[in-house]
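**Student:** Protein chains in written order, with the numbering used here: chain S, 1 to 114; chain E, 1 to 112.
Keep in mind the hints are simulated off the structure, nothing from the lab.
Idealized CB from N, CA, C, for every residue including glycine.
Hints should not be assumed to be uniformly reliable.
[Stated by the list, open to error] Heads up, incomplete: computed chain S residues facing chain E, CB under 8 Å, no partners named:
hint	residue
1	PRO7
2	ILE9
3	GLN42
4	LEU44
5	LYS49
6	LYS101
7	VAL102
8	GLY105
9	THR106
10	GLY107
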Amino acid sequence: AQSVTQPDIHITVSEGASLELRCNYSYGATPYLFWYVQSPGQGLQLLLKYFSGDTLVQGIKGFEAEFKRSQSSFNLRKPSVHWSDAAEYFCAVATPGGYQKVTFGTGTKLQVIP
Amino acid sequence: DGGITQSPKYLFRKEGQNVTLSCEQNLNHDAMYWYRQDPGQGLRLIYYSQIVNDFQKGDIAEGYSVSREKKESFPLTVTSAQKNPTAFYLCATRQLMNTEAFFGQGTRLTVV
Chain S
1 AQSVTQPDIH
11 ITVSEGASLE
21 LRCNYSYGAT
31 PYLFWYVQSP
41 GQGLQLLLKY
51 FSGDTLVQGI
61 KGFEAEFKRS
71 QSSFNLRKPS
81 VHWSDAAEYF
91 CAVATPGGYQ
101 KVTFGTGTKL
111 QVIP
Chain E
1 DGGITQSPKY
11 LFRKEGQNVT
21 LSCEQNLNHD
31 AMYWYRQDPG
41 QGLRLIYYSQ
51 IVNDFQKGDI
61 AEGYSVSREK
71 KESFPLTVTS
81 AQKNPTAFYL
91 CATRQLMNTE
101 AFFGQGTRLT
111 VV
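Isolated chain S, as found in the complex (with noise of 0.2 Å):
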C-alpha cells in the first residue's frame, strides 16, 4: 500500500526568504505525485503535478517540485516566500491503475514571518 511522510509538521520562513518542504513516498514503482494547498477552514487547491517525464515540474504561484526516484521524495520550492503563501501544504499519491486511491500526507503549516 502507498503512504506519504511530511516530516515537517510546521515551519517558519522570513518573508522574501526560500523555502523548501519536504516529502517522502512509498510505493513499489513511481506513483502520481501532487502537492496541494489549503487556506483555514477550506477546500484544498492544486499547485502542481507530476505523473511522468521531466522530474522538475512547475506550478502555480511561484511554486515547483523535484521528483527523486532514488530518494523516494517529491519536495516543494519557492525561491522568494510572500506572506500570503501562509496556509497548510499537502502531499501526495496515486497509483497508476486499478482502483485508483489518493493517500494524503499529514500535512505542513507554513508560518510566514515579516
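Assemble chain E onto chain S, guided by the hints.
**Tutor:** Structure of chain E alone, referenced to chain S:
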C-alpha cells in the same frame, strides 16, 4: 458554473443521531472520494467510488456509509457507530487516469 458542492457548510449533530453530508458535482468526473480531516492527521480516506453503484472502503470506513446511485452524487452518512465524528469532511472528485483530485469546500461536523 462547474464544480463540487458540499452542503451544509456547518452541521451540528446530537450524540446517537445519524447525519448525512451531501456532495454533488457537475464536472462529469468518474471517481468521488470522502476524506476526514483532523488537526495534525492530514486527510484520511473514508470511502471512494469509481463508478455508479460501486464503492470501496478507505482507511477509516468504520461508522460511515455511502451510496453512489448517480454519477453526480456521493452522499456520506455518519452513523451513531462513529465514536468521534467531530471533524472537517472533504469531498473530492477525479477523472480517472492521469488526473488530479478536485475538492469541495468542506463540511464541518460538530457533535453537541
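**Student:** Please go over all the hints and tell whether each is borne out by the structure.
**Tutor:** Do the hints match the structure? See the list:
no. : hint   : in the structure
1   : PRO7   : violated (13 Å)
2   : ILE9   : holds (7 Å)
3   : GLN42  : holds (6 Å)
4   : LEU44  : holds (4 Å)
5   : LYS49  : holds (5 Å)
6   : LYS101 : holds (6 Å)
7   : VAL102 : holds (5 Å)
8   : GLY105 : holds (6 Å)
9   : THR106 : holds (4 Å)
10  : GLY107 : holds (5 Å)
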